[in-house]
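In order, the protein sequences belong to chains A and B.
In this text, residue positions in the first sequence follow my numbering: the first is 345, and each later residue adds one.
In this text, residue positions in the second sequence follow my numbering: the first is 3, and each later residue adds one.
No lab work stands behind these hints: they were computed from the structure.
For each residue, glycine too, the CB sits at the ideal point set by N, CA and C.
Be aware that one or more of the hints could be misleading.
[As the list claims (entries may be wrong)] Here's a subset of chain A near chain B, in silico, CB distances under 10 Å, partners left out: (1) Ala358; (2) Val365; (3) Ala370; (4) Val375; (5) Trp380; (6) Glu391; (7) Pro392; (8) Met394; (9) Val396; (10) Arg401; (11) Ser402; (12) Gly407; (13) Lys422; (14) Ser429.
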Amino acid sequence: MRQLWRQRPYLVSAFLIACAVTLFFAGRLTVKVIYWSNPAHHNQAVEPWMTVGYIARSWRLDGREIDALAGLPLPEVKGHPQPLSEIAKDRGVPVQDLIAEVEKAIATLRFQAAQEAGKAAAP
Amino acid sequence: MTDWLLALVPQYGLWLLAATTFFSCLALPFPASIMMLTAGGFVAAGDLALLPTFAAAAGGGIAGDQLGFWAGRKVGSPLLDRVRRDPARDKLLQKAVAMLEAKGIVAVFLTRWLFSPLGPWINLVTGSTGYGWHRFTAAGIAGEVVWSGLYVGMGYGFAGNITAASDMLGSVLGILAGGATAVILGLWLRSALKAQRSGPAQE
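Next comes chain A alone, as it looks inside the complex:
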């Protein structure tokens, strides 16, 4: 092996680097699987490019209810689903305000869902 290293240093180093890269990604995958299997990390923070449908899917809520609570237009208004940034631009308000509205709506809906689940569980 030592002789091989002396004769083909590039080949041996390339092989070792490839092994290291594989190990690195295996480690990364393990870390990510552990991280993402925690339910607390499932929900994706609301961002300007998201549509209400996307947010609803991420948080497992009903998009129509979010629309109603946050006072947002339904996808039919323009004929295509609108990202929050587009709605904010049409209204002339900062997108952060809209995100705050949506987050409030999410919190309300989650609270309601938790209460209903509690009621169903109670005898």
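With chain A's structure known, arrange chain B on it following the hints.
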């Protein structure tokens, strides 16, 4: 720029997606993987339809490959003809062409999705060395279908969490690419070892 592009997906969805994969296959820095993952997420949310989304992503990539290949054939091949006038270089080039003839299909297929950063360069090289168009196209289409299927599919499966999808897919592809490289180099090392044992070292 990525966020700005992502916000345009629900409105211009398919064209934008096709354009992104098209330009990324020309080695331009377009965030194709994030776009495909997000489009998959929008499919899961009901904002885009699955088959057209998948077709747009794959179609853009396939068209980009063709442009690269033909650019190689029209521009690269006359350049190579000049290089060939030097006999030493001609010999090296012939070696490279022979290697492509033997392993070209696998190379084209794998550089679409597993070693995707190499894809645009393989397009140029195959085009300029006179690699067969039919074989290139068949392997290219198969590779692009795997590429877009993986990313749109992961985006769909991890609906609403493209960060998670991107983390997972990135790691898995990293393991595959690193592992495949290690195996190939390992085999090469083994044959070098064998050659060393069977006689006095020649290299």
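Okay, the hints, checked on the actual structure:
1. Hint status for Ala358(A) relative to chain B: holds, with the closest Cβ pair at about 5 Å, below 10 Å.
2. At a threshold of 10 Å, the smallest CB-CB gap from Val365(A) to chain B is about 4 Å, leaving the interface hint in force.
3. Look at Ala370(A): its Cβ gets to within about 6 Å of chain B, closer than 10 Å, so that hint holds up.
4. Using the Cβ-Cβ criterion of 10 Å, the hint placing Val375(A) at the interface with chain B is satisfied: the shortest such distance is roughly 9 Å.
5. The criterion of a C-beta within 10 Å of any C-beta in chain B is met by Trp380(A), whose closest approach is roughly 4 Å, and the hint holds.
6. A cut of 10 Å between beta carbons decides the hint on Glu391(A): the least distance to chain B is about 7 Å, and the hint holds.
7. Interface restraint check for Pro392(A): the shortest CB-CB distance to chain B comes to about 6 Å, inside 10 Å, so the restraint holds.
8. Taken as an interface hint, Met394(A) checks out: its beta carbon lies about 8 Å from the nearest beta carbon of chain B, inside 10 Å.
9. The beta carbon of Val396(A) is positioned within 10 Å of a beta carbon in chain B (closest approach about 9 Å), and the interface hint is therefore held.
10. For Arg401(A), the shortest C-beta to C-beta distance to chain B is roughly 4 Å, which falls under 10 Å, so the interface hint holds.
11. Annotation: interface hint on Ser402(A) holds; nearest CB of chain B at approximately 3 Å, less than 10 Å.
12. Below 10 Å, beta-carbon pairs count as interface contacts, and Gly407(A) has one with chain B at about 8 Å; its hint therefore holds.
13. Evaluation of the Lys422(A) hint against chain B yields a held restraint, the C-beta minimum of about 8 Å falling below 10 Å.
14. The beta carbon of Ser429(A) comes within 5 Å of a beta carbon in chain B, closer than 10 Å, and the hint placing it at the interface holds.
Consistency with the previously given hints is maintained throughout, with no hint failing.
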